[in-house]
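Colleague: Sequence:
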Amino acid sequence: MEGVLHVLPAHVEELLRRVVLDPASTCLVADTFFVWPATLARALGVPYVSFWTEPALIFALYYHMDLLAEHGHFKCKEPRKDTITYIPGVPAIEPHELMSYLQETDTTSVVHRIIFKAFEEARGADYVLCNTVEELEPSTIAALRAEKPFYAVGPIFPAGFARSTVATSMWAESDCSHWLDEQPPGSVLYISFGSYAHVTKQELHVIAGGVLASGTRFLWVMRPDIVSSDDPNPLPEGFMAASAGRGLVVPWCCQVEVLSHTALGGFLTHCGWNSVLESVWAGVPMLCFPLLTDQFTNRRLIVREWRVGMPIGDRGAVFEDEVRARIEGIMSGKEGEELREAVKKVRATLEAATAHGGSSQQSFDEFVDELTRR
Numbered sequence: 007m008e009g010v011l012h013v014l015p016a017h018v019e020e021l022l023r024r025v026v027l028d029p030a031s032t033c034l035v036a037d038t039f040f041v042w043p044a045t046l047a048r049a050l051g052v053p054y055v056s057f058w059t060e061p062a063l064i065f066a067l068y069y070h071m072d073l074l075a076e077h078g079h080f081k082c083k084e085p086r087k088d089t090i091t092y093i094p095g096v097p098a099i100e101p102h103e104l105m106s107y108l109q110e111t112d113t114t115s116v117v118h119r120i121i122f123k124a125f126e127e128a129r130g131a132d133y134v135l136c137n138t139v140e141e142l143e144p145s146t147i148a149a150l151r152a153e154k155p156f157y158a159v160g161p162i163f164p165a166g167f168a169r170s171t172v173a174t175s176m177w178a179e180s181d182c183s184h185w186l187d188e189q190p191p192g193s194v195l196y197i198s199f200g201s202y203a204h205v206t207k208q209e210l211h212v213i214a215g216g217v218l219a220s221g222t223r224f225l226w227v228m229r230p231d232i233v234s235s236d237d238p239n240p241l242p243e244g245f246m247a248a249s250a251g252r253g254l255v256v257p258w259c260c261q262v263e264v265l266s267h268t269a270l271g272g273f274l275t276h277c278g279w280n281s282v283l284e285s286v287w288a289g290v291p292m293l294c295f296p297l298l299t300d301q302f303t304n305r306r307l308i309v310r311e312w313r314v315g316m317p318i319g320d321r322g323a324v325f326e327d328e329v330r331a332r333i334e335g336i337m338s339g340k341e342g343e344e345l346r347e348a349v350k351k352v353r354a355t356l357e358a359a360t361a362h363g364g365s366s367q368q369s370f371d372e373f374v375d376e377l378t379r380r
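Residue numbering for the sequence shown follows the numbering used here, beginning at 7 and increasing consecutively.
Rather than coming from a laboratory, the hints here were simulated on the basis of the structure.
Please note that the accuracy of each hint is not assured.
Okay, derived cross-link-like pairs now, DMTMM-like style, lysine to aspartate or glutamate, Cα gap no bigger than 25 Å in a straight line [unchecked claim]:
#1 154 x 141
#2 83 x 100
#3 154 x 375
#4 154 x 132
#5 207 x 236
#6 207 x 326
#7 154 x 76
If you anchor each label on the Cβ, the simulated ranges turn out as follows [stated by the list, open to error]:
#8 181 x 88: 42 to 52 Å
#9 243 x 109: 27 to 37 Å
#10 191 x 358: 47 to 57 Å
#11 190 x 29: 55 to 65 Å
#12 106 x 238: 23 to 33 Å
#13 31 x 339: 49 to 59 Å
#14 77 x 242: 39 to 49 Å
#15 78 x 243: 38 to 48 Å
Remember, predicted model here, so these are calculated numbers, not experimental data.
Each residue gets a CB set at the ideal place from its N, CA and C atoms; glycine is no exception.
Please take these sequences and the hints and turn them into a complete structure.
Modeller: As structure tokens, then:
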């Protein structure tokens with residue numbers, strides 16, 4: 007992580023300098039957490055555009071870390087546990103719904119240094135582009151716009167996302183299509199915890215027990231390092247034999263292709279923002295098991311605000327009976343039917359935003375117009 011602060015800039019700054027000095031270049035767009043491009047943009051006299059890849063809610067919480075600290079919810083030995091009601095544009099939020107780095111009492115880590123520097127630069131950015139949709143976070147976006155030029159331009163998917171399979175990770179993919187083709191519509195629970203987060207062996211065994219007890223068909227992405235690179239076979243002994251005929255475990259797969267398959271009925275996810283958007287786009291309700299950083303706050307959007315998913319466990323406290331009950335509820339219960347109806351509505355909102363004349367299209371056009379008028 008230190009490399010983000012000190013090593014990477016030295017390797018790419020000269021290349022960026024040449025690109026930005028090209029007469030055709032009008033601005034420098036960089037991920038908010040890449041903290042050094044803002045300095046380069048200022049030095050070269052071009053607008054700096056902070057590209058925020060997560061929801062506006064999370065941007066707002068990081069943006070107002072000073073308020074959280076002032077009120078005793080952050081940067082103190084014993085943070086307050088009462089509801090947070092004072093962040094502009096953010097509905098009342100519980101401390102356990104904050105991003106994991108805002109729940110920690112030690113704020114001296116390199117990750118915290120990156121976060122603090124990133125939002126120091128974000129405050130000075132000329133513009134912010136955000137991978138969200140205005141209709142899904144209206145009050146938060148309005149409050150941020152009162153602070154600075156803030157444009158909701160999501161959902162941002164790779165070109166051809168809705169029409170073809172697009173690799174979104176460097177992990178080698180397994181072809182699951184033939185197995186999925188053999189399963190009844192809406193019968194398969196897809197389980198994946200993303201490309202880098204880890205779970206404990208105990209958590210994995212509890213979830214595996216719940217999956218078995220539910221009797222549900224499943225497709226489980228089991229990265230070789232999901233627990234540790236020293237433990238390539240972390241599933242409980244006998245799990246594969248007990249689930250034979252109704253489950254498939256693979257090291258990685260094309261998530262977009264899987265979520266879009268008619269066999270899918272639910273997604274047990276770590277709540278990474280890309281996974282959330284992909285699941286909504288595919289019309290698949292979610293079971294939420296966040297592991298770190300923004301995922302706890304994303305769960306709040308999924309469960310409390312959009313009502314397109316249900317929670318499982320909370321920060322290390324997960325129980326087999328709960329996992330089983332949640333799986334049964336989303337796959338065959340009334341809760342699942344209600345979630346599927348809700349996710350259709352949110353999907354329609356995403357589609358409308360990206361269509362011609364939609365809010366995200368208009369927001370991006372406004373950004374371009376503002377940029378070209380400078």
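Colleague: Evaluate each hint against the coordinates.
Modeller: Results for each hint:
Using a Cα cut-off of 25 Å, the hinted pair residue 154 and residue 141 holds, with the two alpha carbons roughly 19 Å apart. Only pairs whose Cα atoms come within 25 Å are accepted, and residue 83 paired with residue 100 is accepted, the gap being roughly 18 Å. For the hint linking residue 154 to residue 375, the alpha-carbon distance of about 16 Å falls within 25 Å, and the restraint holds. Distance restraint check for residue 154 and residue 132: the Cα-Cα separation of roughly 8 Å lies within the 25 Å cut-off, and the hinted pair is therefore satisfied.
Proposed proximity of residue 207 and residue 236 is supported: the alpha carbons are some 12 Å apart, at most 25 Å. Proposed proximity of residue 207 and residue 326 is supported: the alpha carbons are some 14 Å apart, at most 25 Å. Proposed proximity of residue 154 and residue 76 is supported: the alpha carbons are some 22 Å apart, at most 25 Å. Judged by the Cβ atoms, the range 42 to 52 Å given for residue 181 and residue 88 holds: they are separated by roughly 50 Å.
A C-beta distance of roughly 34 Å is found between residue 243 and residue 109, which places it inside the suggested range of 27 to 37 Å. The supplied range of 47 to 57 Å is broken by residue 191 and residue 358, whose beta-carbon atoms lie about 26 Å from each other. The beta-carbon spacing between residue 190 and residue 29, approximately 59 Å, falls within the hinted interval of 55 to 65 Å. In this structure the supplied range 23 to 33 Å holds for residue 106 paired with residue 238, their Cβ-Cβ distance being about 26 Å.
For residue 31 paired with residue 339, a C-beta distance near 54 Å keeps the hint of 49 to 59 Å intact. At roughly 44 Å, the beta-carbon separation of residue 77 and residue 242 lies within the given 39 to 49 Å, and the hint holds. The beta-carbon spacing between residue 78 and residue 243, approximately 47 Å, falls within the hinted interval of 38 to 48 Å.
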